[in-house]
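With chain A fixed as given, assemble chain B onto it according to the hints.
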Amino acid sequence: MSTVTRATLAEQIYDQVGLSRHESADILEDILERMARTLEAGDSLKISGFGTFSVRQKGQRTGRNPKTGVEVPILPRSVLVFRPSQLLRAHVNGQAAEAGEAEGDEA
Amino acid sequence: MTRSELIAELAAARPHLPMREVERIVQVIFAEISNALMRGDRVELRGFGAFTIKKRDARTGRNPRTGETVSVDEKVVPFFKAGKELRERVNHANGSAD
Numbered sequence: 378m379s380t381v382t383r384a385t386l387a388e389q390i391y392d393q394v395g396l397s398r399h400e401s402a403d404i405l406e407d408i409l410e411r412m413a414r415t416l417e418a419g420d421s422l423k424i425s426g427f428g429t430f431s432v433r434q435k436g437q438r439t440g441r442n443p444k445t446g447v448e449v450p451i452l453p454r455s456v457l458v459f460r461p462s463q464l465l466r467a468h469v470n471g472q473a474a475e476a477g478e479a480e481g482d483e484a
Numbered sequence: 005m006t007r008s009e010l011i012a013e014l015a016a017a018r019p020h021l022p023m024r025e026v027e028r029i030v031q032v033i034f035a036e037i038s039n040a041l042m043r044g045d046r047v048e049l050r051g052f053g054a055f056t057i058k059k060r061d062a063r064t065g066r067n068p069r070t071g072e073t074v075s076v077d078e079k080v081v082p083f084f085k086a087g088k089e090l091r092e093r094v095n096h097a098n099g100s101a102d
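The listed protein sequences derive, respectively, from chains A and B.
Heads up: the first sequence begins at 378 in this note's numbering, then just goes up one per residue.
Heads up: the second sequence begins at 5 in this note's numbering, then just goes up one per residue.
Some clues are possibly wrong.
[As the list claims (entries may be wrong)] With a cut-off of at most 20 Å between alpha-carbon atoms, the simulated PhoX-like pairs for lysine-lysine come out as follows:
no.: 1; chain 1: A; residue 1: 435; chain 2: B; residue 2: 85
no.: 2; chain 1: B; residue 1: 59; chain 2: B; residue 2: 79
no.: 3; chain 1: B; residue 1: 88; chain 2: A; residue 2: 435
no.: 4; chain 1: B; residue 1: 58; chain 2: B; residue 2: 85
no.: 5; chain 1: B; residue 1: 85; chain 2: B; residue 2: 59
no.: 6; chain 1: B; residue 1: 58; chain 2: B; residue 2: 79
Derived by calculation from the structure, the hints in this document are not laboratory data.
Extracted from the complex, chain A is given alone in its bound form:
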């Protein structure tokens, strides 16, 4: 199993779109930052054919230190959840054509 990183994605942009290596890396960073900013603002992010990222509010609850058993309040917080699209779910199970060709509005 290998790991895909920013470098891999930037290389794909360089290869397939033909931007310079520098601009490929730069636009990838720009995209990730715009995605992060959207989520930071509490908005959801819907990428058709891939999935939806949304922010969920969690209320306060009482947790326990598993080691000592001492009760501690867990404060309300916002967490990020990702819901993969049906297309991505099928794709990872080898049940669909290249994900890149999917352009439907289903997310």
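Just chain B, lined up with the frame of chain A:
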């Protein structure tokens, strides 16, 4: 925000790139992440998060409407875990260190 809004924002910020090219870039990124997961690879974007797949064993399920039992094959499901930086940015409003 949707995929097309993201594309429109990027295109506006980079007027030298044709819209078609910006669309292609966004498509290439998500296709590569999808393909990596299909290969069983992990996608790790520091500060943003990591995409992985999780195995789900075969199980016997039930059609919730009819109560009929159905066998569900073993499968993998995509999973995303937000990175530390993104997790903290999303949770900033609550003022607690995560």
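With a cut-off of 20 Å on the C-alpha distance, tell me whether residue 59 (chain B) and residue 79 (chain B) pass. holds (6 Å)
Take the C-alpha atoms of residue 58 (chain B) and residue 79 (chain B), compute the straight-line distance between them, and say whether it is at most 20 Å. holds (8 Å)
Does the structure keep residue 85 (chain B) and residue 59 (chain B) at a Cα separation of 20 Å or less? Between residue 85 (chain B) and residue 59 (chain B) the Cα gap is close to 15 Å, so the pair holds against 20 Å.
Does residue 58 (chain B) pair with residue 85 (chain B) here, judged by a C-alpha cut-off of 20 Å? holds (12 Å)
Agreement of residue 88 (chain B) and residue 435 (chain A) with the hint, judged by alpha carbon distance not exceeding 20 Å: Distance ~18 Å between residue 88 (chain B) and residue 435 (chain A) Cα, so the pair holds.
Is the Cα-Cα distance between residue 435 (chain A) and residue 85 (chain B) 20 Å or less? holds (17 Å)
Comparing the model with each numbered hint stated earlier shows that all of them hold.
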